[in-house]
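Single-letter residue listing:
2 protein chains.
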Amino acid sequence: MTAYDDFTAHIAKYHDLLCILNTLKWDMRTMMPAAGASSRGRQLASLTTLAKSIFVSDETARLLDAAENEVASADSDSYRARALRQTRDAYEIQKRIPAELVARMAALGAESEAVWAKARAENDFPRFKPYLKGMLALNIELAEAIGYDDHPFDALILQFEPGMTAARLHQIFAELKAGISPLLARIVAVDEPLAIDLWEAEYDLAAQKKLCRELTELIGFDYDRGRLDSAPHPFEISFTRDDVRITTRYDANYLPMSLFAALHEAGHGLYEQNIAPELTRTALTADFLGQYAVGGASFGAHEFSSRLWENQIGRSPAFWGRHFGRLRAAFPQQLAAADAELFYRAVNRVRPSLIRVEADEVTYNLHIMLRTEIEIALLEGAIAVDDLPEVWNAKMQEYLGLTPPDDRRGVLQDVHWSFGGFGSFPTYTIGNIMAAQVLAAAREQMPDLAAQLAAGDYQPLLTWLTENIYRHGRAYRADELLKRVSGESLNTAPLLAYLENKYIDLYALN
Amino acid sequence: MTAYDDFTAHIAKYHDLLCILNTLKWDMRTMMPAAGASSRGRQLASLTTLAKSIFVSDETARLLDAAENEVASADSDSYRARALRQTRDAYEIQKRIPAELVARMAALGAESEAVWAKARAENDFPRFKPYLKGMLALNIELAEAIGYDDHPFDALILQFEPGMTAARLHQIFAELKAGISPLLARIVAVDEPLAIDLWEAEYDLAAQKKLCRELTELIGFDYDRGRLDSAPHPFEISFTRDDVRITTRYDANYLPMSLFAALHEAGHGLYEQNIAPELTRTALTADFLGQYAVGGASFGAHEFSSRLWENQIGRSPAFWGRHFGRLRAAFPQQLAAADAELFYRAVNRVRPSLIRVEADEVTYNLHIMLRTEIEIALLEGAIAVDDLPEVWNAKMQEYLGLTPPDDRRGVLQDVHWSFGGFGSFPTYTIGNIMAAQVLAAAREQMPDLAAQLAAGDYQPLLTWLTENIYRHGRAYRADELLKRVSGESLNTAPLLAYLENKYIDLYALN
Numbered sequence: 050m051t052a053y054d055d056f057t058a059h060i061a062k063y064h065d066l067l068c069i070l071n072t073l074k075w076d077m078r079t080m081m082p083a084a085g086a087s088s089r090g091r092q093l094a095s096l097t098t099l100a101k102s103i104f105v106s107d108e109t110a111r112l113l114d115a116a117e118n119e120v121a122s123a124d125s126d127s128y129r130a131r132a133l134r135q136t137r138d139a140y141e142i143q144k145r146i147p148a149e150l151v152a153r154m155a156a157l158g159a160e161s162e163a164v165w166a167k168a169r170a171e172n173d174f175p176r177f178k179p180y181l182k183g184m185l186a187l188n189i190e191l192a193e194a195i196g197y198d199d200h201p202f203d204a205l206i207l208q209f210e211p212g213m214t215a216a217r218l219h220q221i222f223a224e225l226k227a228g229i230s231p232l233l234a235r236i237v238a239v240d241e242p243l244a245i246d247l248w249e250a251e252y253d254l255a256a257q258k259k260l261c262r263e264l265t266e267l268i269g270f271d272y273d274r275g276r277l278d279s280a281p282h283p284f285e286i287s288f289t290r291d292d293v294r295i296t297t298r299y300d301a302n303y304l305p306m307s308l309f310a311a312l313h314e315a316g317h318g319l320y321e322q323n324i325a326p327e328l329t330r331t332a333l334t335a336d337f338l339g340q341y342a343v344g345g346a347s348f349g350a351h352e353f354s355s356r357l358w359e360n361q362i363g364r365s366p367a368f369w370g371r372h373f374g375r376l377r378a379a380f381p382q383q384l385a386a387a388d389a390e391l392f393y394r395a396v397n398r399v400r401p402s403l404i405r406v407e408a409d410e411v412t413y414n415l416h417i418m419l420r421t422e423i424e425i426a427l428l429e430g431a432i433a434v435d436d437l438p439e440v441w442n443a444k445m446q447e448y449l450g451l452t453p454p455d456d457r458r459g460v461l462q463d464v465h466w467s468f469g470g471f472g473s474f475p476t477y478t479i480g481n482i483m484a485a486q487v488l489a490a491a492r493e494q495m496p497d498l499a500a501q502l503a504a505g506d507y508q509p510l511l512t513w514l515t516e517n518i519y520r521h522g523r524a525y526r527a528d529e530l531l532k533r534v535s536g537e538s539l540n541t542a543p544l545l546a547y548l549e550n551k552y553i554d555l556y557a558l559n
Numbered sequence: 050m051t052a053y054d055d056f057t058a059h060i061a062k063y064h065d066l067l068c069i070l071n072t073l074k075w076d077m078r079t080m081m082p083a084a085g086a087s088s089r090g091r092q093l094a095s096l097t098t099l100a101k102s103i104f105v106s107d108e109t110a111r112l113l114d115a116a117e118n119e120v121a122s123a124d125s126d127s128y129r130a131r132a133l134r135q136t137r138d139a140y141e142i143q144k145r146i147p148a149e150l151v152a153r154m155a156a157l158g159a160e161s162e163a164v165w166a167k168a169r170a171e172n173d174f175p176r177f178k179p180y181l182k183g184m185l186a187l188n189i190e191l192a193e194a195i196g197y198d199d200h201p202f203d204a205l206i207l208q209f210e211p212g213m214t215a216a217r218l219h220q221i222f223a224e225l226k227a228g229i230s231p232l233l234a235r236i237v238a239v240d241e242p243l244a245i246d247l248w249e250a251e252y253d254l255a256a257q258k259k260l261c262r263e264l265t266e267l268i269g270f271d272y273d274r275g276r277l278d279s280a281p282h283p284f285e286i287s288f289t290r291d292d293v294r295i296t297t298r299y300d301a302n303y304l305p306m307s308l309f310a311a312l313h314e315a316g317h318g319l320y321e322q323n324i325a326p327e328l329t330r331t332a333l334t335a336d337f338l339g340q341y342a343v344g345g346a347s348f349g350a351h352e353f354s355s356r357l358w359e360n361q362i363g364r365s366p367a368f369w370g371r372h373f374g375r376l377r378a379a380f381p382q383q384l385a386a387a388d389a390e391l392f393y394r395a396v397n398r399v400r401p402s403l404i405r406v407e408a409d410e411v412t413y414n415l416h417i418m419l420r421t422e423i424e425i426a427l428l429e430g431a432i433a434v435d436d437l438p439e440v441w442n443a444k445m446q447e448y449l450g451l452t453p454p455d456d457r458r459g460v461l462q463d464v465h466w467s468f469g470g471f472g473s474f475p476t477y478t479i480g481n482i483m484a485a486q487v488l489a490a491a492r493e494q495m496p497d498l499a500a501q502l503a504a505g506d507y508q509p510l511l512t513w514l515t516e517n518i519y520r521h522g523r524a525y526r527a528d529e530l531l532k533r534v535s536g537e538s539l540n541t542a543p544l545l546a547y548l549e550n551k552y553i554d555l556y557a558l559n
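Going line by line, the protein sequences match chains Z and C. In short: position in the first sequence from 1, add 49, done, that's our numbering. In short: position in the second sequence from 1, add 49, done, that's our numbering.
Some hints here could point you the wrong way.
The list treats identical chains as one, so a pair stands whether inside a single copy or across any two.
Think about it this way: if two alpha-carbon atoms lie no more than 30 angstroms apart in a straight line, the pair counts; the simulated DSBU-like pairs of lysine-lysine are [what the hints assert, rightly or not]:
1) Lys62 / Lys101
2) Lys444 / Lys259
3) Lys62 / Lys144
4) Lys144 / Lys101
5) Lys62 / Lys444
6) Lys182 / Lys144
7) Lys178 / Lys74
8) Lys259 / Lys74
9) Lys532 / Lys178
10) Lys74 / Lys101
11) Lys74 / Lys62
12) Lys551 / Lys62
13) Lys144 / Lys74
14) Lys226 / Lys101
No lab work stands behind these hints: they were computed from the structure. Predicted, not measured: the structure shown is a model, and the values here were computed from it.
Next comes chain Z alone, as it looks inside the complex (with noise of 0.2 angstroms):
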């Protein structure tokens, strides 16, 4: 055994427990009976501690030293050295957040999370307030502890999008909203309904639930090694390339509920599935900043494969082109007075909306803006959390046009703040952003890509993403991948030009 050997035995382990971690998560979430709910937080708590024992722990410091010492010498870029600086970074700013820091944060934010449900069932803000303060202290005692150069946000981001700034993302929002806005304009000077509802039909669930794995398989998802599932709040996890769960949800009216959660998870699962099979249980599959069990190179990384299939592939013209057929055939009255370009106008209408989670793919952005903006000039101190409300309804004013009538479909909808998750926010945009220019770049490269899209051959495209961005796992930042792939970092213009060129399309806005 070298010493690497030695480190990749340990590390090994430690990626079993984070995937136990993952199971239990995804159990908890499908098919835990409601009672369960008490026992298996202390099982979880009870592992999460363990774990974060065995990872910042003496044996760790001295296995890396030795690995270290040993592929000094070793190409850089290897996977070997990848690994090692990935597991340094976390093990280095795992030590650096207290343990007691991190039981304060999860004590409180349990609580914090279930005042917050409640919360926002009774519209009842000044309830979730103090709560909320708690955080945002503990999120700012959090980022003093991780340390930053510029701003307690990029100390915060870090754990999500490594790399990514308050300072840029300022950039890249205002990028965003100069090609957004005026779009958006357009589009809402010249949006009517439908001619037909086809949301007042009721669709069979089981039928529903048949077509969300038929279209999933489809578009390669592998069910040898994988499921699909229903769940509250859809989501995709993974323990190992093996075992890749999705979820999605269903609505007896709004068939597209299920159909596009379920491509968007499918999107996640892709990545997971397509992972190099020699980066199984090493560091290059887990976020061990995070203590998390995921393959993709960074939140943001992540959610590009689910934007990706969900949108530029699950609403374009050629998928329901395609694929239309096959949804008339299950609900042939519901649909019978529908086409395919019904259908992908039905999928794609625009309109200014209070909940993100329903917004389309013009406006969803602004949603996350609103929300990072809030989330930086609270961490500032600039807005005080006493003022949200108002703050967020000028927001929604600002960037939508609406005002909430309500806090819980305004400043109340999202959970991600009752738990602490400040900073993750910006990753769903940095997807879409991403999406947009992978997908011109395998345009670029693949000249029969559309040509294979539109005849609902899907494989050229997961071999090409598996080969340049898949298969790498955690191996690569986000960044590098897109300069792998692209010649570029990050960069707006390729999502700008797509919604352009499809909604002016869609909308005959010439």
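With chain Z's structure known, arrange chain C on it following the hints.
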């Protein structure tokens, strides 16, 4: 914090890991895609090793010593004193079992089980033979490590049924044989096929599933704290009393398969769901020797509950007198020509058969005796693995008057020996004996029980079982529980009386 509190907190965290292992096993047997097996195996191995290192540790020894000193003066019958004694017992034995022996057993056991599965499918005993020899040798090593007074079998059964010995089983089996063999001969002499074969019809699986859920709910299984799923080999498993999972399997023709497996596993589940809440996450809801989160007093005591609900209740005339209408409502065509009486006879027909898991109540224990006697003789060296097929077939002829046409339906039928589970077979018969003994005591102490059961009211029996047995978890040994409930230790008379009464009546043998 007292020393006992410190001990309890340590044990609670270890208990969480055992519950997590159960969750992983449940998922593996019900939900996991086939390709997940290999990584799941690694995850189970990592967590099992980690759990053992936490239990067999200086920390456990120190906390246990301190808590014992503190509790020494307390009532030796208290849950606290019992929790400490059980932990001490398991700790002292676990310490004696070398980790490398456990590792060798796990490694060879996994391989051996896979070879067994192939050997059974291909009726190829010679292929399995070297593995069985290996597992036998490892079990002898294990028995020597654990230690025993009289017989190596006593060390092995200690893992499943503390207090039981080969000598006592010898006596029990002699009594059972003396009662069962003549009864069986009388039945066989008169048994004839029923007027109608109910198992030629097809029974819709969704309707079967609904019935399984209804019947298990009727006897008291709490679905707010549990689930029912399907599994090729039905089982029950729990992750604390608040999350108890049962499974069954479905045969489109043979309706009793799903119904009785569901009642059987719900019987296990009722035990777990009705343990006193204060025993959650303590030594009194886990088998620390077997590293298994399970709440019953022993394997046999757990089997008492499943057999009681499956057989004593579920196969009784009162049960089908009450519920046949429900069955016929679900399957009006399939059961058009049947009535409660015919159904009762159909699910209680007695016939010597080759396969243990398909055996009726009368012949079942003969299958267990045969296996146990072979195990004991193997451990003594009185018979050799090479001679097993002949020994098996001779005993089948002696006990059941049948000779298996092949090893697949003979010595190769059960998985137990392949992974090394020597000593576990007798717990099935112990469960049968206990079930009869406990229900006889309940009938004596509950004058209205027969009327309640006839009326389909199972709550009074469940309350009585909870009060007398279930709530104590593992606080009492099986024999202690029996003495508290019936004034006697394990006694074959009630089982023999139950079988005679039931089948003399059913077959009109008088």
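- Item | Non-conforming hints, listed in increasing numerical order | 2, 5, 9, 12, 14
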